[in-house]
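Engineer: Sequence:
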Amino acid sequence: MSYDEHYINSVTSLGDTHEVVTSQAVFTRNGIKLVEQGTRINSAFREKLVQHKLLPTIDQCLTVAGGVTQASLRDRAREILETESRFQLIRSALPGVERLVNAFYAMPLTSPLAFKLTVARERRPELYEHSVQMTLIALFLAIKSRLPDHDLATVAAAGMLHDIGELHIDPELLRPGRRLDAGELRHVYVHPMTAFLILQEYPQYHPEISTAVFEHHERLDGSGYPRGLKGEEIGPIGQILMLAEAVTTLFEKSWRTHGASRLSVMLKMNRRKFSRELIDHLVGLLHGGEPQGLDSQGEISAEAVVAQLDQLAEIFRNWHGAYQSCVVDTPKVAEAPLVVFVNQRITGLERTLLETGFHPDELAALTAGIEDDAVALAEMQLMVRESRWQVSDIMNEVDRRWKELEGDGAGRAVVESWLQRTGALLQG
Numbered sequence: 055m056s057y058d059e060h061y062i063n064s065v066t067s068l069g070d071t072h073e074v075v076t077s078q079a080v081f082t083r084n085g086i087k088l089v090e091q092g093t094r095i096n097s098a099f100r101e102k103l104v105q106h107k108l109l110p111t112i113d114q115c116l117t118v119a120g121g122v123t124q125a126s127l128r129d130r131a132r133e134i135l136e137t138e139s140r141f142q143l144i145r146s147a148l149p150g151v152e153r154l155v156n157a158f159y160a161m162p163l164t165s166p167l168a169f170k171l172t173v174a175r176e177r178r179p180e181l182y183e184h185s186v187q188m189t190l191i192a193l194f195l196a197i198k199s200r201l202p203d204h205d206l207a208t209v210a211a212a213g214m215l216h217d218i219g220e221l222h223i224d225p226e227l228l229r230p231g232r233r234l235d236a237g238e239l240r241h242v243y244v245h246p247m248t249a250f251l252i253l254q255e256y257p258q259y260h261p262e263i264s265t266a267v268f269e270h271h272e273r274l275d276g277s278g279y280p281r282g283l284k285g286e287e288i289g290p291i292g293q294i295l296m297l298a299e300a301v302t303t304l305f306e307k308s309w310r311t312h313g314a315s316r317l318s319v320m321l322k323m324n325r326r327k328f329s330r331e332l333i334d335h336l337v338g339l340l341h342g343g344e345p346q347g348l349d350s351q352g353e354i355s356a357e358a359v360v361a362q363l364d365q366l367a368e369i370f371r372n373w374h375g376a377y378q379s380c381v382v383d384t385p386k387v388a389e390a391p392l393v394v395f396v397n398q399r400i401t402g403l404e405r406t407l408l409e410t411g412f413h414p415d416e417l418a419a420l421t422a423g424i425e426d427d428a429v430a431l432a433e434m435q436l437m438v439r440e441s442r443w444q445v446s447d448i449m450n451e452v453d454r455r456w457k458e459l460e461g462d463g464a465g466r467a468v469v470e471s472w473l474q475r476t477g478a479l480l481q482g
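Its first residue numbered 55, the sequence shown is counted upward by one per residue in this note's numbering.
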């Protein structure tokens, strides 16, 4: 049996390129000594370490030369602010960046967690860079929310540590472009809890920082994970992390092609999922003169946009047709928790579209008269992409909550049919 093999793989591989040494002896949980203090660790130790539960934990037993420090985090944050074009938005919206970067230097960073961040930096650099950039956005939101310096240090620590749970997941599942099945998604969904369990072992991080990390994939409307928290059940720092995580992920995927324009659409369509006050800080950022990027996306086909709108409209029609049939023919099925839940989520997305100026029943007509307007077509395309993403999010939430909502099985066939048809449309 293997214990934490993915993280042990990363740790022992780090020892092949860096000086990783045991600061104390490593034991199994039943007291058998595996490695002496002062031993240099590398891939040769992988099999020995992966076969046992270790005491103390591996992070508490190891040191690494040239590891992550608060100073190195501060320096990397400053470098990103000075060189990354998307962070010009933040620089221009603050009177200076010293308070922001100094929060990295002030954050609590114990030796075991500094080691874990070093593993991320050297073996999973995309995760490490994501964490630094997400923390910069979180700190911007915290500063605009007038949080005191002590809380900024807390935000910095929570931001840098929010994804440490992913170090314990098979890296293949996190590869960009990898399409995950339901079972694989469940491995990903637990990473906030994994991080929480790690952090609660350290008094400096528990409960304030650990709880915020636990909440970074929740949503105010209850559609997030892992606990489906709602509204004030999510703490203020957790709410900051939620939005910062979403913005960072969106920037990573679409900044080069869409600039700030996709962020603008995302903010419009997610005002029920995130704090409106925090969203307004970012809206103010976008209105500060940053080009939206809608006129630089190349030629966009009106026919392609119409086809995407038709597809989105069909997703809504399929659900409402099935739901109305239940209401008329099998009212008990229409009242089943699973059916009620999907109907609430679909009507919620339609309400969001209405609030942003798009009527779900008239989607295909939206391109009339703008066939030659590249900017308008680009905005329409971004709206469709965000809507498709939110439909996918509904499908994933249904999967996460299936056992909770299925009950006696009423409505199962209706929802399964809609999921199957919708999945085919989204992949088409």
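Source of the hints: derived by calculation from the structure; they are not laboratory data. If you're wondering where the values come from, they're calculated on a predicted model, not measured in any experiment. Note that beta-carbon positions come from the ideal geometry of N, C-alpha and C, so glycine has one too. Be a bit skeptical, because a hint or two may be false.
Claimed, not checked - Derived EDC-like pairs (lysine to aspartate or glutamate); straight-line CA-CA distance at most 16 Å:
1. K322 with E433
2. K87 with E101
3. K102 with E90
4. K102 with D129
5. K198 with E90
6. K307 with D462
7. K322 with E306
8. K107 with E152
9. K386 with E433
10. K102 with D58
11. K198 with E152
12. K386 with D334
13. K107 with E59
14. K284 with E90
15. K307 with E133
16. K322 with E451
17. K322 with E460
18. K307 with D427
19. K198 with E404
To be verified - Each pair of labels, with its calculated beta carbon distance range:
20. M247 with P385: 13 to 21 Å
21. E180 with V382: 16 to 24 Å
22. D203 with R330: 20 to 28 Å
23. A125 with S471: 33 to 41 Å
24. A236 with Q78: 39 to 47 Å
25. K87 with H204: 28 to 36 Å
26. E286 with E59: 37 to 45 Å
27. A361 with R94: 53 to 61 Å
28. D427 with E470: 50 to 58 Å
29. R232 with E255: 28 to 36 Å
Engineer: Which hints, by number, does the structure contradict?
Structural biologist: 4, 5, 6, 7, 8, 9, 12, 14, 15, 16, 17, 18, 19, 20, 21, 23, 25, 28
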